[in-house]
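Trainee: Order-wise, the sequence lines are chains A and B.
With full-length UniProt numbering, letter number 50 in the first sequence gets 50, and the count goes up by one each step, no holes.
With full-length UniProt numbering, letter number 100 in the second sequence gets 100, and the count goes up by one each step, no holes.
I should point out that these hints are in silico values taken from the structure, not numbers from a laboratory.
Glycine is no exception: its CB is placed at the ideal position from the N, C-alpha and C atoms.
Take the hints with a grain of salt, since some may be wrong.
Think about it this way: if two alpha-carbon atoms lie no more than 30 Å apart in a straight line, the pair counts; the simulated DSS-like pairs of lysine-lysine are [to be verified]:
no.	chain 1	residue 1	chain 2	residue 2
1	B	91	A	27
2	B	91	A	30
3	B	131	A	30
4	B	91	B	128
Computed list of chain B residues with no C-beta within reach of chain A, every gap over 10 Å [stated by the list, open to error]:
no.	residue
5	26
6	33
7	64
8	91
9	131
10	163
11	178
12	186
13	222
14	233
15	234
Take a look at the letters that make up each chain.
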Amino acid sequence: MSRALAWLYTVGGGLGLAAAIALTLEKIAKLGDPTYVPICSLNPVISCGSVMDSAQAGVFGFPNPLIGIAAFAVVVTTGVAGLAGFDPPRWYRVGLAVGTTFGVVFVHWLIASSLYDIHALCPYCLVVWIVMIPLFWYTALDTWPVLAPLRTVHSAVLALWYVVIVILVLIAFWDYWTSLFN
Amino acid sequence: MPSKTRNPVTARRGVSLNVILTAAVVVVAIAVIGIVLLANRSDDSGGGSNETLRPAGSHTLSQVADDKVTVVEFLDFQCPACASFYANITKELEKDYAGRFTFVPRNFPLQSHPLAVPAARAAEAAGKQGKYAQMYHALYDGYASWALTEDGKSMSDDLPRATARFEEFATAAGLDLDRFRADVASPEVQAIIDQGVADGTKLGVDSTPTFFINGEKFDPQGSTAGEVDRELRAAIDAGLAG
Chain A
1 MSRALAWLYT VGGGLGLAAA IALTLEKIAK LGDPTYVPIC SLNPVISCGS
51 VMDSAQAGVF GFPNPLIGIA AFAVVVTTGV AGLAGFDPPR WYRVGLAVGT
101 TFGVVFVHWL IASSLYDIHA LCPYCLVVWI VMIPLFWYTA LDTWPVLAPL
151 RTVHSAVLAL WYVVIVILVL IAFWDYWTSL FN
Chain B
1 MPSKTRNPVT ARRGVSLNVI LTAAVVVVAI AVIGIVLLAN RSDDSGGGSN
51 ETLRPAGSHT LSQVADDKVT VVEFLDFQCP ACASFYANIT KELEKDYAGR
101 FTFVPRNFPL QSHPLAVPAA RAAEAAGKQG KYAQMYHALY DGYASWALTE
151 DGKSMSDDLP RATARFEEFA TAAGLDLDRF RADVASPEVQ AIIDQGVADG
201 TKLGVDSTPT FFINGEKFDP QGSTAGEVDR ELRAAIDAGL AG
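Just chain B, with the same shape it has in the complex (with noise of 0.2 Å):
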């Protein structure tokens, strides 16, 4: 056994130097390390980085090899004002720029939807068998039938009569209806929901349906459906031509 004082953890000839080598090893460290990550920053202000808008996995509706023009909805099935975009605008959009844009759709489920999380999970797990588009189709082209009550009038919080519709939507786009259920419920599913809500959050979305063409947020200054829609197609346009 060496004696204590050659001991390296406490050995007190040449503290100073241990010192202050150690600290500048780590102020050098920081330092760099800070002025790189803050560098970065400047660079590509605005928007938010690709990774927050469209992690690794999102769903595309529709997807161009070099992704020209991206773009990005954060939706909630519930909403009635995402169920009326998706009727006047994005259905057709959707097909007419079919293989000429990527199209990706977001979770955003807002708290005031009681069924908008059940939804989406819905819309995940068939994701989870490749049918993502199928559900979300199914989702908003049947949205009166699961969204809202029986007469129509106000938004639906029957999880079970919602939760049946699910199910044939499933049955109707070819699932295999076990591990549908399966997913539905698990915590994998829910985590990729919750990643859509932070990630709407880190990037200002606050209200359904917010768009993002090419990572800047899309403003219509239109009230309608019909002036939104042309805002929405030509600045798609001015993408592709630039």
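So here's chain A without its partners, still in its complex pose (with noise of 0.2 Å):
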């Protein structure tokens, strides 16, 4: 493993555990007191409450961010693996390429959620998202001989990727945007 990979795995893999940790935490508070405003509801916009307490925060009828706390734990233990020397096995790489597969489409799935269904953001879920995308991206160009030519333009298509979900962003919640230009 390169050490570029494995430092993209120690330091995306460590803000999304502490997201995830955050996450798990206010959840907690929540259901030991129910008034509990947690520290990320800003206003009705950026807001954790509406966005924990949704539906498709517990898709599989647990609490979303204990998918998290075991899987980035996992990422940064392969990162800090790798910066000690430890060159994965193929089994090893493909494992982590269909684990980040499954965390990107989850995270956009959460996506579309937020900004459709719910209309709130959640600063920590922010930043789970922006780690999974570099994450998918560089474990799958790192897996998958197929995508050999898109190494060329590797953080292009990054850029593009988080424009594209600026955009949504900016779009889905555009009155709340220029309410604060304004």
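Mind assembling these two chains? They're in different frames, but the hints should get you there.
Mentor: Okay, here's the thing in structure tokens:
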């Protein structure tokens, strides 16, 4: 594993892990006290509360961030092991590629839910969206030979991907953003 | 494991194309988004956006279906000028124009009034049980009994006395008192009040009461309540006619 990829796993996985832990702690605080307002609920648009209370936040029957705690911990561990010299065999990298593919698909379903169903943005969830995309993309590039032609434009693809999400977020909450500018 | 040169993150071959494309994507995106935001900004200058004046979930003391004329008042329940405006102007206005205009009260408690925030909390807590209007009226109709000292000469800072009065108002309005107390203390209610202060500040409110009629700040020329009342009604009539 290249050092750059190992660093991406360590830093990206670490940020995702921190966000998943924060979301889980907020969920626990809210369960203990239903009137609790999460620190990340700033206004009707920037609000963890309404996102955490949605049906999509526990689609598998338990809070989503628990998946994040388990999965991002693996990513961080892989990154740190990579920095220590671990060179994962093919089957391990395929496993990572499958895992990050599940993650990125799940995250995009959550983005769609957040934008078009819940109508709120949760800051911790944004961190997970942001790290999940490069984790998926660079793992896929590293694992699947068929993607080799795209390696020459790897960060352009990533930038385009982010731009599309940013535009969708801007459009979905247009009134809110323009109210900040006026 | 692929060799180091094949790794996408560290790949050197084609880096310049990648960098150029990445920069192009970012620059074009920033330019387009910036232009659209700026164009939008000049479109609706003045008065601020609807969301700032009247966020979703704001209370209304009177509402007309198409919101043809919307009056937003930034008020402080303990401010003597607000109480005077209520007694001399808005109380009658609300009755005379009931159902013909939309009247939105927003919280703008001032630092100089020690009971303004507790009163705003009481009103918002009553709102949680659908009785905002009752508490709003009780607070102003009973102004002297909680906002002023017993001799009626100065601003009261007696929180226990005011709290007892607010709970009497709540009981009279038929509120669930336990729930009312919980709501009064809740951060959610405080957040609504903070939002009012933040929105008011953004709109240039620096004193209370401040009115906005269809997004335009209302600056009365008159000095007596009667004169201001006539100007306010004229502005609303103009909006209804136009």
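Trainee: Would you say residue 64 of chain B is clear of chain A, with no C-beta pair closer than or equal to 10 Å?
Mentor: 22 Å, holds
Trainee: Would residue 91 of chain B pass as off the interface with chain A, using Cβ distances and a cut of 10 Å?
Mentor: 31 Å, holds
Trainee: Beyond 10 Å from every chain A Cβ: check whether that's true for residue 131 of chain B.
Mentor: Check passes; 19 Å lies beyond 10 Å.
Trainee: Checking the smallest CB distance to chain A, is residue 26 of chain B really beyond 10 Å?
Mentor: Answer for residue 26 of chain B: violated, closest chain A Cβ roughly 5 Å.
Trainee: Hey, residue 131 of chain B versus residue 30 of chain A, does the alpha-carbon distance stay inside 30 Å?
Mentor: This hinted pair holds, its Cα atoms lying about 27 Å apart.
Trainee: Run the distance test for residue 91 of chain B versus residue 27 of chain A: straight-line Cα separation, threshold 30 Å.
Mentor: 44 Å, violated
Trainee: Taking C-beta pairs only, is residue 186 of chain B more than 10 Å away from all of chain A?
Mentor: 5 Å, violated
Trainee: Taking C-beta pairs only, is residue 234 of chain B more than 10 Å away from all of chain A?
Mentor: 28 Å, holds
Trainee: Please verify whether residue 91 of chain B and residue 128 of chain B have alpha carbons no more than 30 Å apart.
Mentor: 22 Å, holds
Trainee: Does the claim that residue 222 of chain B lies outside the interface with chain A hold up, using a Cβ gap greater than 10 Å?
Mentor: For residue 222 of chain B, whose nearest Cβ neighbour in chain A is about 30 Å away, the distance exceeds 10 Å, so it holds.
Trainee: Residue 163 of chain B clear of chain A by more than 10 Å, beta carbon to beta carbon?
Mentor: Per Cβ check, residue 163 of chain B is outside 10 Å of chain A; nearest 19 Å; holds.
Trainee: For residue 91 of chain B and residue 30 of chain A, compute the direct alpha-carbon distance and say whether it is at most 30 Å.
Mentor: Violated, at roughly 41 Å.
The structure is inconsistent with the numbered hints 1, 2, 5, 6 and 12, although it conforms to all the rest.
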